[in-house]
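Student: Each chain, letter by letter, is given below.
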Amino acid sequence: MAGILVYALHDDEGNFNKNSLGAVSEAARLAGELGTEAAAVVIGDVADDKVAALGAHGATKVFRAKNVADGLAQPAVDVMAKVITDGGYDYALFGGGLLGLEIGAGLAARLAGGVTVEVTKVKVDGGSLVAERPILQDSEIADVTFDGGLGVIVGRLNAFEAKESGGSAAIEDIEVELSDFSSKSELVTRGEQRGEAVDIEAADVLIGGGRGLGEAEGFRACEDLAATFPNGAVAATRAVVDSGWYPYAAQIGQTGKTVAPKLYLAVGISGAIQHKVGMASSENIVAINKDENAPIFEFADLGVIGDLNKIVPALTEALKARG
Amino acid sequence: MKICVLVKEVPDAAAPRKIDPGTMRLDRSGATTLNEFDKHAIEAAMQLKAGGELGVDEVVVLTMGPNAKVLQTAVSYGLDRSVHLADDALAGSDVAATGLALAKVLEAESPDLVLLGQQSDDGECYAMGAVVAEHLKMPSLTQVVKMDVEGGKLRCERQAEYGYDTVAVSLPAVISVGDAINEPRYPGLKDIMGAKKKPVDTKSTADAGIDAGQVGEAGSKTKVIALNPPPQKEAGEIITDEDTAATVEKIVSWLEERKLI
Ligand SMILES: Cc1cc2nc3c(=O)[nH]c(=O)nc-3n(C[C@H](O)[C@H](O)[C@H](O)COP(=O)(O)OP(=O)(O)OC[C@H]3O[C@@H](n4cnc5c(N)ncnc54)[C@H](O)[C@@H]3O)c2cc1C
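Protein chains in written order, with this note's numbering: chain W, 1 to 323; chain B, 1 to 261.
No lab work stands behind these hints, which were simulated from the structure alone. We treat Cβ as the ideally placed atom computed from N, Cα and C, and that holds for glycine.
Covered by chain B, per the in silico footprint, the following chain W stretches (three or more residues, Cβ under 8 Å):
(1) 66-73
(2) 103-117
(3) 178-188
(4) 232-241
(5) 284-298
(6) 303-310
Whenever a hint applies, use it, and build me the whole structure from the sequences.
Tutor: Now the structure itself:
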């Protein structure tokens, strides 16, 4: 049976990642059109009642590798390669994220297949899957097909919507022997939250700060601007979080949070895809950037080309003056 | 100990990018440059060599592509020598095929560490490290923003979906570094002058023992069958700041119109 296999990422408590559930729903939809089935792989000792979420989202079968720890890509490649080889799966599907990229690429290499990343849509054509992959800063969309071998599709963050179908999945526990090199990395700590536990998800207005702020101190100006709104907060890009300028809890994007406030005001942010995916659904997007070619101007509702050091303090004063 | 750094020639950021409708590949005829993200991998290699803990004797840079110019730029940062994989048979290779070809060349070099950047500025697949590692059967991690030598292993930190992960990786390994890991140096005049004299080893697919049927367009399992424009989105309003008081006034009234203030 030529089906679709999904990697279902979960946290240490066994709660599945929303994008993984989206990938399961998408796989179920596509499998329906192809006349086949969608299955999922769970790595780690996740309890049956938690695993049930995958069936509820459309998987008919779940392979669980209890003896393998989740969180690193290469052991997951071992597990998925075995399931795919034993079960004859044609496609592997991943929700957005980082591990999916690593596992997907490794799987394609191991099983001599093809891999397409950043996929925003998948359709069925003539009994095969066609992946839509935006390229060149989203200026074109390439339709990609797979020509023999395993087809690996790694979705863009939030590309696939999680939908409960109310089904249930049969769980099969599998034993997988890890390859020698997969055991050569050790996950020392996982999911460390760096910096303060700020809450940005409830804010109506987010002032997003990026590398253009120049230094950690630069965030002060964003905080002052955010304070002029009744329910404002400050968000950040990965670039500045990795540099230790702002807490991880405030990060927007692929490996951060997804938000949709009434207003997202981006200050000194280039608008890389991995940031865009976390904030593109904001109702109104304003961007201040000194580079007229910055990608953020492609999707801002109001783009201001200029120096943030001049504009942001003046804007803050003007809003304060309005009271 | 030997470090190999993988680099890529990409279209210059200032040059407009377009797809050649005939081949459905990126038109690479314009000005090109060393992929910015690779400079962080070069810098990381130089720092590991200078640090001394690993006893790095040699840093070798490797590229696949028609032009060797990018290798000269790369060695001007102080690297020791370069390997250039060039062959018409490689044209049109997708990520998996490119990774396979690079891995074949790396196999012959037998490095203790392979470093690469977090992404190429043109292909943006973020996946090359994982493909290369799989073929070399080495442990691997991508998007690493902190890397320390500890007990002969690399202690790496990177952000994944739940926050920061710390991973101890045994050597030999393949590591892709994020752009926050370091501030790349500027090449010194002496190194720029010396770059031309550093050895370049040019290899064809046959020299590298690559099966030509597994690379290039023929060996690539992904096929681009069509290119379409993205759904039209209403263009935003753009203002250029010439007089900041007037700019701020425009922003404020824009926000007012939408009842955001
Ligand atoms: C797998 C993966 C996952 C990732 N996950 C995330 C994620 O979750 N979130 C995320 O944000 N990124 C993520 N990234 C990184 C992303 O690709 C970008 O590198 C990052 O978003 C860039 O951050 P930035 O806009 O702050 O910095 P830059 O791209 O460096 O942009 C800085 C901008 O500031 C402008 N600027 C500079 N000075 C001024 C001034 N004085 N006035 C006005 N403008 C100025 C510049 O013109 C520039 O456009 C990820 C990348 C990968 C590969």
